[in-house]
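Colleague: Starting from the two chains in their separate frames, assemble the complex, guided by the hints.
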Amino acid sequence: MNNKLVAKKQSLWHRIKQGRVAYLMLLPAVVGFVLLTLYPNLWVVSLSFFKYDGITNPTFIGLENYVRLFTRDPLWWRAVLNTAVFSVGKLLIEMPLALILAVMLNRKLRGSNLIRGLIFLPNVTSAAVMAVVFSLLFSAYNGVINNALFTLGAIDYPIEWLGTSPHAMIVVILVSTWQSIGINTIFFLSGLQGIPEDVYESGDIDGAVGIKRFIYITLPLLARMLQLILMLAIIGSLQMFDIVKVLTAGGPSGTTEVMMTYIYSHFFPSSYAQSVVSQVGYGSALGVIASLIIGVVTSIYLYVSRKMDDIA
Amino acid sequence: MSKFGKKPGEKTTGSRIFNLFSYVFLIISSCVSLFPIFYAVMGSFKSNLDFITGKGGVIPQSWHPENYVKAWETANFARYTLNSVFVTLCAIIGCLLVTSMAGYVFARGAFPGKKLIMGLFLGSMFLATGAITIFPIFSLAKTLGLNTSLWGLIVIYIFSINVANVYLVMGYVKGLPKELDEAARIDGCGFFATFMRVILPLCKPILATVALLVFKLVWNDYLMPMVFTLSNDNLKTLTVGVVSLKSSGGGAGAYDIMLAGTAISLIPMLTFYAFTSKFFISGITAGAVKG
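Protein chains in written order, with the numbering used here: chain L, 1 to 312; chain A, 1001 to 1291.
Okay, chain A solo, but in the shape it has when bound (with noise of 0.2 angstroms):
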């Protein structure tokens, strides 16, 4: 084939020249993409002065990590990081048990109102969410008692199925032979059974798919969980917390535990990505284009 042309790639100046430019212009675009992050990250060891001084550049002149401590104790962190993680982690678990059981059937089901519901579903996308939908919600969640534990936030996260997961999972069973299922019946297994023996551990990359997309949302989730604790500090997340303490008055004189709040939201996050950031990419773009 080389006989015909240059491959992409092959060197030649003008395509060196671009090799270089495509460099700089790359390495530029990531800095950018880093620096606020480092910024915060470096900002939760500078002292309160240093921030009201303008002292000093991103890099702190003095190390202070006990702005972390402060944050965790005097400014309720250990709370929050605590609600986050108890709020995230049930809401991974009830949401793969929802999604996968959906996408288990409308894969393998057959059974009348298959379609109908599938297509609702499907609709549902183009209904309102958000900041829209979120006070009648919020009322359902009061009429039932679900407004004064983390338990409201928790349902909502479990039960507001995200199409595109249930899709992704559908289209994955899909994908599995179908001989499986037979050889279950003939051993025996309903329905049921040849879910949770044969194709649930199966699924399991695409459940580890569902649980970081599920992760991510609920991690970083600002809309529900400001309006859930609206009148509960207790309840916040880590989220709301970080947020709460720009808008609170007291906001100019705690930059200090405001950003080592940022940082102690941003770590678990940052850290699962460092080492899983091929299988992030792809999860949260499979996620997506199915969306």
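Chain L on its own, in the form it takes in the complex (with noise of 0.2 angstroms):
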């Protein structure tokens, strides 16, 4: 029996010798993996339990950071319900939208393929450059949105976009919408793509046709792909960054500020934050809370489309 032992302890020492090509060949992926996805990770885990300015020695002050956060931070909660209010109304938005699109793209319409290619574009330019143009086409003086609902009547006085609630928050969901609505689309392309052609002739012969065609047949096969297609969407729009960074910087008076922005600015407080030294402890405490609200929230929804799913 000790014999077999020191076989099978030879074999694992020979087989990690005989892998030694592949483990070499791993190394940059792993030394990566390392330095860059798990140090951070419990870096900021374990800076959540100190004072620290980024500069002199950081102090363990225990869960002090964590107290703060629950029972003296109200911009930071008003942060996480703006995360909220934005995820909720671009996926109100955004999904039906997609789904709509889709259809119609399925239809194969002539040049369907451009207008595909057209609908995807936004997704292929930078969310922070763009962010640039949207501020100049939402500009409250003579930017172009202004200046067409003047012309067309709709309004009298110029609408400051950017400046006002819950203009601003608007802005912020439509933008975000305009860029990432082409990927939604796409997928929800290639699931209706996936549909076998028999199952809607088998669904004329019992009359399921237009509407109910939609409902009876193309939902219920759709469902497996809008449920990744949705939790991809509401991860996303859980780490907003880019769009309100660049278009409000949380403004105006934090009405779009969100969990990452908020974040942030803890991190690198340059230009708008609440003080002017660095709080990366406590910016590490509102990092490791945020990272579990994503992972709950991710948690509830993969449970509940389960549950819809044994349902249906």
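A few of these clues could be false.
So the derived label-pair ranges between C-beta atoms look like this [to be verified]:
{"id": "1", "chain 1": "L", "residue 1": "T164", "chain 2": "A", "residue 2": "L1020", "range": "37 to 43 angstroms"}
{"id": "2", "chain 1": "L", "residue 1": "K212", "chain 2": "A", "residue 2": "I1027", "range": "23 to 29 angstroms"}
{"id": "3", "chain 1": "L", "residue 1": "I195", "chain 2": "A", "residue 2": "L1097", "range": "36 to 42 angstroms"}
{"id": "4", "chain 1": "A", "residue 1": "P1177", "chain 2": "L", "residue 2": "M231", "range": "32 to 38 angstroms"}
{"id": "5", "chain 1": "A", "residue 1": "T1053", "chain 2": "L", "residue 2": "G210", "range": "48 to 54 angstroms"}
{"id": "6", "chain 1": "L", "residue 1": "A223", "chain 2": "A", "residue 2": "G1190", "range": "28 to 34 angstroms"}
{"id": "7", "chain 1": "L", "residue 1": "I93", "chain 2": "A", "residue 2": "S1247", "range": "41 to 47 angstroms"}
{"id": "8", "chain 1": "L", "residue 1": "L81", "chain 2": "A", "residue 2": "L1097", "range": "42 to 48 angstroms"}
Hints were generated in silico from the structure; no laboratory data involved. Just so it is clear, the structure is predicted and the values come from calculations on it, not from any experiment. C-beta atoms are modelled at their ideal positions from N, C-alpha and C, and glycine is treated no differently.
Modeller: Laid out in structure tokens, this is it:
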């Protein structure tokens, strides 16, 4: 028995030796994973128990950052709420619209390839750069949007799109939808194209046509894809950063501040933060809680959508 | 089959009306998608005065191609462009190397701990990134002395392995017949030589997809290059350069330069997209679904 163990050990050692080339080839990826994913995450978790300004030595303060976060930081919870408002608003607009676009594209009308290419186009542009362009489009004076509304007679005085609440949040939602609707349309389209033709044919016999066909055949068969698309969209919108940072910087007076911009402003308090000193420890605690929020939301979503699956 | 009913898309009054409605809706949607980009490109030819007075619409009243010269020469955009091109090219080459090796090893390697490493990689998709982890990553780069040149940025792009891309390559390699490896082994190729001489050349299509994904990510990225260039204007990439024109007080006086810069940053991507949009769409979809 002892011999067996030795033999096993030897063979393990042997197999490791045999795999040395494979280990070497994997090394860059593993080093990257350890240094740029694992280490920063552990660092953030451990620094969340310290007071640290990024320069002087960190001092251990136990759970103080978390106590502050949960009891004395209404701005953080407003950012969480804003993130929720943003995500719900964006999903409510983007998902149905993307599905409608996909259904229409799936009819393979003449030119639909070109249209598909155009609808996807915003996805290959930089969100930050396009946010600069949108800040001009939505500017209160001589902005294209206001001018168009004037001409149409829809408004009598310029709307301060980015300077007043709730307009700023609406603009952020619209710009973000503009940027990402293409990829969701393409996802839905590939889901639709995966539905075999004969399912529709047998549906025809049962008299499922038009909108009925859509509700009783297309939607149920799309459910799996819908689950995945929604999950990606939820996670993406909870992590929103670029567009808010560039377009509104969280303003006016914090009404578009989302979790990620609020966290960032504690690590790098350059332009608009509450204090000019980095609050790295507190920012880390915010990051930990934000990760937990995203994890919990995703888990709840997965649980609920599984349940829906069972019913359907 | 037409005996039993109508094929989808067959012309009935109902489907004709829906087709017409679809056309109108799709065309409006494509216009909305295109308009901001069109506006930016047109705006890059307008004079600053036209912006301030709001004269004319989207199309410039008089054309000012010298905006590009101004952006290129006085606003440092020549430098930003060079930086963007350099960082993106290096990142693509490096990522292809790291990703293809990892994908190949996961697909064909047999060694203790493979399952564990794959599991860790997959689990890392649930770990925090972005604004949450940028501070420790930046401090690490500082400690290693990588924050004073573009190499810090490049190294980080290369080594922040994208799990989705690794899985793309892995899936592709798994689809190649194993007889290829065996034939190579008989010819005396080791594990690495098999990769270099047999597998890698066959992976061109999937590597093109990965290159595209990295190109889009790095060229358009904002957070990482912004943090790395907070104190050094000469290291800025195009994205950061454009945004910093907006946030600096000079923004109101420099719409023309700002939009010329915007166009400079958009045009390479748009040109590329115009010729390869089908490939672009399928590649990005594949990457995102796997992720």
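Colleague: Does each hint hold? Answer for all of them.
Modeller: Taking the hints in turn, this is what the structure says about them:
no., hint, verdict
1, L:T164 - A:L1020: 37 to 43 angstroms, "holds (39 angstroms)"
2, L:K212 - A:I1027: 23 to 29 angstroms, "holds (27 angstroms)"
3, L:I195 - A:L1097: 36 to 42 angstroms, "holds (40 angstroms)"
4, A:P1177 - L:M231: 32 to 38 angstroms, "holds (35 angstroms)"
5, A:T1053 - L:G210: 48 to 54 angstroms, "holds (52 angstroms)"
6, L:A223 - A:G1190: 28 to 34 angstroms, "violated (48 angstroms)"
7, L:I93 - A:S1247: 41 to 47 angstroms, "violated (28 angstroms)"
8, L:L81 - A:L1097: 42 to 48 angstroms, "holds (44 angstroms)"
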